[in-house]
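Using the hints, put the two chains back together into the complex; each one sits in its own frame.
Heads up: the protein sequence lines correspond to chains A and B, in order. In terms of my numbering, the first sequence opens at residue 1 and continues consecutively. In terms of my numbering, the second sequence opens at residue 1 and continues consecutively.
Honestly, the hints are just simulated from the structure, not real lab data. Watch out, some of these pointers could steer you wrong.
Stated by the list, open to error - Covered stretches of chain A, going by a simulated chain B footprint (3 or more residues, C-beta under 8 Å):
1. 18-25
2. 31-38
3. 55-69
4. 188-197
Just so it is clear, CB atoms sit at the ideal spot from N, CA and C, and this is done for glycine as well.
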Amino acid sequence: MTEIWDLYKNGGWEVPFLTFCVYLFVIASFILYLVIVASRNSKIKKERLTKEYSTVIDKVMSDIIFDDVPFSTIKKDKNFLVLFDTSFFREVLTESLINLHKNYEGVYAEKLEQFYKDSGLIKASFRKLKSLKWEVKCKGITELVEFNIEEAFDQIIVYSQARNKTLKIVALNGCIKLEGTQSIKYLVDHSDPIDDWMQLNIIGAFKKHDVGDTEGIEHLLQSQNTTVITLGLKLIKELKLSQKVPHVAQLADQTTNVIIKYEAQSILQTLTA
Amino acid sequence: MTFFNPEITWFLDVYILLILGYAILIMSSYLALAYISTKELRRYLKRNSFVDYDVLLTSEFAPKLSLIAPAYNEGLTIEENVKSLLSLNYNNYQVIVVNDGSKDNSMEILTKTYDLVLTDLDFHPQIETKKIKGVYTSKNAAFKKLIVVDKENGGKADALNVGLNIAQNPYVVCIDVDCILDKDSLLKLAKPFLEACGKRIIATGGVVRIANQCVIKNGRLVEVHVPDVMLPRIQVLEYLRAFLLGRMAWGKLDGLLLISGAFGAFDKEIAILSGGYSTKTVGEDMELIVRMRRYMLDNKLPYSVSYIPDPLCWTEAPEEFKIFKKQRSRWMRGTIETLSIHKRMFLNPKYKLLGMLSVPYWTLFEFLAPAIEFIGLVITVVFIVLGLLNWHFFFLLLLFVYSFAVLFSVIALYSEEKTYHKYPKQADFFKLLMAAFIEPFYFHPLTVYAALIGYKEKVMGTKGWGEMTRKGFTKK
Numbered sequence: 001m002t003e004i005w006d007l008y009k010n011g012g013w014e015v016p017f018l019t020f021c022v023y024l025f026v027i028a029s030f031i032l033y034l035v036i037v038a039s040r041n042s043k044i045k046k047e048r049l050t051k052e053y054s055t056v057i058d059k060v061m062s063d064i065i066f067d068d069v070p071f072s073t074i075k076k077d078k079n080f081l082v083l084f085d086t087s088f089f090r091e092v093l094t095e096s097l098i099n100l101h102k103n104y105e106g107v108y109a110e111k112l113e114q115f116y117k118d119s120g121l122i123k124a125s126f127r128k129l130k131s132l133k134w135e136v137k138c139k140g141i142t143e144l145v146e147f148n149i150e151e152a153f154d155q156i157i158v159y160s161q162a163r164n165k166t167l168k169i170v171a172l173n174g175c176i177k178l179e180g181t182q183s184i185k186y187l188v189d190h191s192d193p194i195d196d197w198m199q200l201n202i203i204g205a206f207k208k209h210d211v212g213d214t215e216g217i218e219h220l221l222q223s224q225n226t227t228v229i230t231l232g233l234k235l236i237k238e239l240k241l242s243q244k245v246p247h248v249a250q251l252a253d254q255t256t257n258v259i260i261k262y263e264a265q266s267i268l269q270t271l272t273a
Numbered sequence: 001m002t003f004f005n006p007e008i009t010w011f012l013d014v015y016i017l018l019i020l021g022y023a024i025l026i027m028s029s030y031l032a033l034a035y036i037s038t039k040e041l042r043r044y045l046k047r048n049s050f051v052d053y054d055v056l057l058t059s060e061f062a063p064k065l066s067l068i069a070p071a072y073n074e075g076l077t078i079e080e081n082v083k084s085l086l087s088l089n090y091n092n093y094q095v096i097v098v099n100d101g102s103k104d105n106s107m108e109i110l111t112k113t114y115d116l117v118l119t120d121l122d123f124h125p126q127i128e129t130k131k132i133k134g135v136y137t138s139k140n141a142a143f144k145k146l147i148v149v150d151k152e153n154g155g156k157a158d159a160l161n162v163g164l165n166i167a168q169n170p171y172v173v174c175i176d177v178d179c180i181l182d183k184d185s186l187l188k189l190a191k192p193f194l195e196a197c198g199k200r201i202i203a204t205g206g207v208v209r210i211a212n213q214c215v216i217k218n219g220r221l222v223e224v225h226v227p228d229v230m231l232p233r234i235q236v237l238e239y240l241r242a243f244l245l246g247r248m249a250w251g252k253l254d255g256l257l258l259i260s261g262a263f264g265a266f267d268k269e270i271a272i273l274s275g276g277y278s279t280k281t282v283g284e285d286m287e288l289i290v291r292m293r294r295y296m297l298d299n300k301l302p303y304s305v306s307y308i309p310d311p312l313c314w315t316e317a318p319e320e321f322k323i324f325k326k327q328r329s330r331w332m333r334g335t336i337e338t339l340s341i342h343k344r345m346f347l348n349p350k351y352k353l354l355g356m357l358s359v360p361y362w363t364l365f366e367f368l369a370p371a372i373e374f375i376g377l378v379i380t381v382v383f384i385v386l387g388l389l390n391w392h393f394f395f396l397l398l399l400f401v402y403s404f405a406v407l408f409s410v411i412a413l414y415s416e417e418k419t420y421h422k423y424p425k426q427a428d429f430f431k432l433l434m435a436a437f438i439e440p441f442y443f444h445p446l447t448v449y450a451a452l453i454g455y456k457e458k459v460m461g462t463k464g465w466g467e468m469t470r471k472g473f474t475k476k
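So here's chain B without its partners, still in its complex pose (with noise of 0.2 Å):
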């Protein structure tokens, strides 16, 4: 490096400096997570080994729930995922199932299915939404649980208000209707609720992961693959580092900031009082945490947001590029617009470890990452066509983050291996060992991409979700 004058030279030692301290600092920063995450996990394990969840399924002090499942053009699956929600391990709980003005046939299937009668069903909005055209109830016994609004569509957030206006139950749990829930997913996430002692529990969320080839029986799931398909395949991976290594330490921390919107439940009361989810956002299940967080906060009351490493609710990841880059980008635009909303928390010591450490986490290395690769990456071009690029250096660099990718890979899979073994089969272990060495090449560079799509939309002014296509599940 010493041989370009001065200025150069001090440019190079600085820019150096500048992306070697980064990336120390965010793996390092990913390591502690996954030290915290492993270790809360075995403990998590071991007590769980012990809980008889069966005391939740007799009793009538079991908190009372309402899950929220919002519909969007969901005729070809509604029938058989209304079925599985209505029959899940749980005594106290209602479904309310909202049909977000779906242009298909949703609604009457579930009027046929389900011997469904308009009803005069007495309830207070609280937060203001779309109109409701009419809410439903079966005249079958059978189910009895269950609760259907019509409403003009309003997006998923608004959705998801009117079953928050309408829920009787003090908890709500919102999912995505085409997820499939594990049996006692509901017991599970029910329990954080009544383990608050002296502190208010005003959420708790539960591990999403990838059902893509994976068999699906009468809407549960009966057998674990890994897709032969690159890019959902890289996905689980994806997920096994996002919830068994980051978010399981997040939540250890308490500065948990997001809940899967595919699956958390809620305490109803504060959601309300905070303002229920915004509809001004496409991240509206970050958001509504953050606002929830941050109301207990300014007001100053004790609380806990609680986190269950149990894989309970598995979903369908993208299989095409077209409809990953949609999903990616709104991800970015969701992350930028909360992070917009409460910047007021950034660095504010009155936020705790929300401001010190949450919201500048996900700032520096959720929002700003993929700008500061972007940068590095044109940087880099510059270099090449100025010839100042040591080439050795480069690589040396590259080798340096390749490895360290595959590292925190293997992390993810011996985290795996070691507690829930969902992955038994050798096959599957090697095809997910092979895309920890494949995805800095190939899956990284289109999540950065994606992310600057987002950016561009935010930019651009971009509202909405778009079309979101799915492929379904491998059926038995």
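Next comes chain A alone, as it looks inside the complex (with noise of 0.2 Å):
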């Protein structure tokens, strides 16, 4: 430090720290490129990976789906086992079971999710609902919700409440695919504001998931939270829920708050048209 300092005062010390740089920035684009070198050999060795696993899941999705093979006789196959044990094929094969459960209904996404089960794919599911990265949470719920895990609705339930907006709409949607109508306690005590994009989700999971039972929407209309009661008007009009006229007629006529009260007329006009 002293000597850094006896450079600056006695006006040496721009060769020093000139020459100091360069090596700096050389250095750190030498290892910036490396990098990118092992970044880019990294994703063709998954690519390759991948495709070789295909190969074997696309195998295994068939004798499942179509030939009722049980897990238990596809774990006596060596070469699965081998695979099964390294964590990005379980990665692959649970991608792979997923896309395929989308596109399967009735028997089919029944055997999938008992091979979701049986293989053990779930208990990872759970475990990543407790990591602290709230990335991994939202892919566990994922995972739970695609397979219908009802089990997992309590626990998934909870980050509804989640600091992390992404996390808190991957949880909403999720246990409205799982539980319908159920959520929507939840929501009614929901403190934080609610904004237009997790309206459209939460909107959207009722109408993607075919939420029969309506049971409850106009419960969103008594909430204190004033963007729970706009979610709740936008609900009953975008489901056509003219059975919640009643409902939002006593809000229309009973609020004070002259948004909510232009919003519950306009629905109001648009139900009884």
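As structure tokens, then:
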């Protein structure tokens, strides 16, 4: 430190400083170059592995869906077991399973759900819920919800109050898929404002998962949180719930909030037209 | 440095300190911005991996958008470009093509292709513009989203103002008609308008990338390539640095001063209340954002400007120096004009981060940088002539600047690699890496020269854009 100060005091600091910076920049550029090359190589390797794994996974999936082969038989295959021990293989397998599950319904979908449980992938998903990283939690929720694991509801609904907005949306959407209007009661007491994007996602979840039972949606209109009331009104409008007209009329009569009143009246007009 | 008399030594010492001080300031600000950008970009991508944009596609509550595409002499490509605008993934939108008094057959092509008929559209212009000759809509129900306005020539800003007057939706998306938009670009641009909580989102901007030598099919980008020609190739790198390492950070700090004129969305009400696009500047895109922000701050209205880092819009970069020079001198004129119109914001605490950081940053590092570089060059030449130059120190300084320039480009390549990975081919990566080494000697002097031309044009009172010819995209 004293040497640097002396250098500065004597006026000869520029050359050592510039030389140091040049070395620093060159070394940093070289390291970054190596990181880029390593990252590209890793991507290429992952692509190659994904292709290889896909062939094995396609065969396994076909056996499960069309030939009723249980997991206990599949795991007798040593090659499969070796692959199943690698985390990347399990990742690709879960992705494939989810994609297939999205495309199938009925018995085929149930077979995939069973495989998800038997293979232990479900445990990995539950473990993800306990991760400290919100994005890992989201992944876990997405997986559990896709396979309709209703036992996960209590653990997932907790995250509807999370600080992280994305986690909150993923958790709420998941709960709507798992338990439909059961998740409404958690929304009524929601203290944070629900922005338009979140509202759109919740409405989207109701539409996408075709939640037939709309019992309880009217409770949203009684919330202390005005954004929750707006969400309730939007839901009633988008799902065309004309049976909720008396609740909307009551809200329009009683509310002192001008915007809510206007929104309620507008929806009344639409629904009674 | 101690061989000369005390006055010369003092002058040299001060000069070196100033040069080094400026270089260190600019480099550290670049690195700080790059750090913020990289961090924010990673957060954005994580968040985005769980976003379901389909909810916007299927909901009647999705923001209603009006796309405004000004067109001047675009006859060669207008048919295909409008078709691609009409087929974007979005439901609540209309397309307003403003024919700004084209001298070619743009209007005839539009009329014939889209079965246009004169219509009596009811609108109340709030911004003064050149005379509108006619407003047209299509007889064909397939093109019901399309409105074509034929008007007298008044420049891009005037055409955009006509669009603002006619737009029926609360949000307007201003684009260059010759840009290639990603199919989901409107979904991504509209989302931030829904996320405002307690403050109004007045604008959102997207990333523009270079499409030279990329393959376009039916108005969509299907293959990404790095251009072989050096000038556009270096611009690929330049855009990566600007959008991935610069604007992302300004977006995070909420100090963004520029949303590219090629692709940006605005809150129509605020844009109109601020006075619309200024026809007095060639930097109308930057000027509008600064004015809208100023309007919100003057009226103490909470607001924000959002930035989307996804590559949503692809444009053609100039391949010839003549065209490049025109573009960059115009950009410099636009910067000077905007900073001059809003000079009261400079270091004015009333304008918060904008006045205390964004405007001074642009003044010091965007507007003044070419002038400072030029002065440095002149002084170096004088030093050489007078035999005052310490060659060892000169080369060391040169190496210092050069190595930083290369490092910063490599950071941009790293950021691209870790995020969008749009250039997966090894050959493309090495082309860009090579460009990083060549740029400081080839491209940078050209940009400084073009900026100096911009200063000169501003002093001489040059107005307007000048002819901007384009080569056209590679089609499949």
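- Message: Is the coverage entry for the region 188-197 of chain A by chain B consistent with the three-residue Cβ rule at 8 Å?
- Response: holds (count 4)
- Query: Are 3 or more residues of the region 18-25 of chain A near chain B, judged by a Cβ distance of less than 8 Å?
  - Reply: With 5 residues in contact (Cβ-Cβ under 8 Å with chain B), the coverage given for the region 18-25 of chain A holds.
- Item | 8 Å C-beta test of the region 31-38 of chain A against chain B, three or more residues | holds (count 4)
- Message: Can you confirm whether chain B covers the region 55-69 of chain A, using C-beta to C-beta distances below 8 Å and requiring at least three such residues?
- Response: Not satisfied, violated; 0 residues make the cut.
The structure is inconsistent with hint 3 alone, although it conforms to all the rest.
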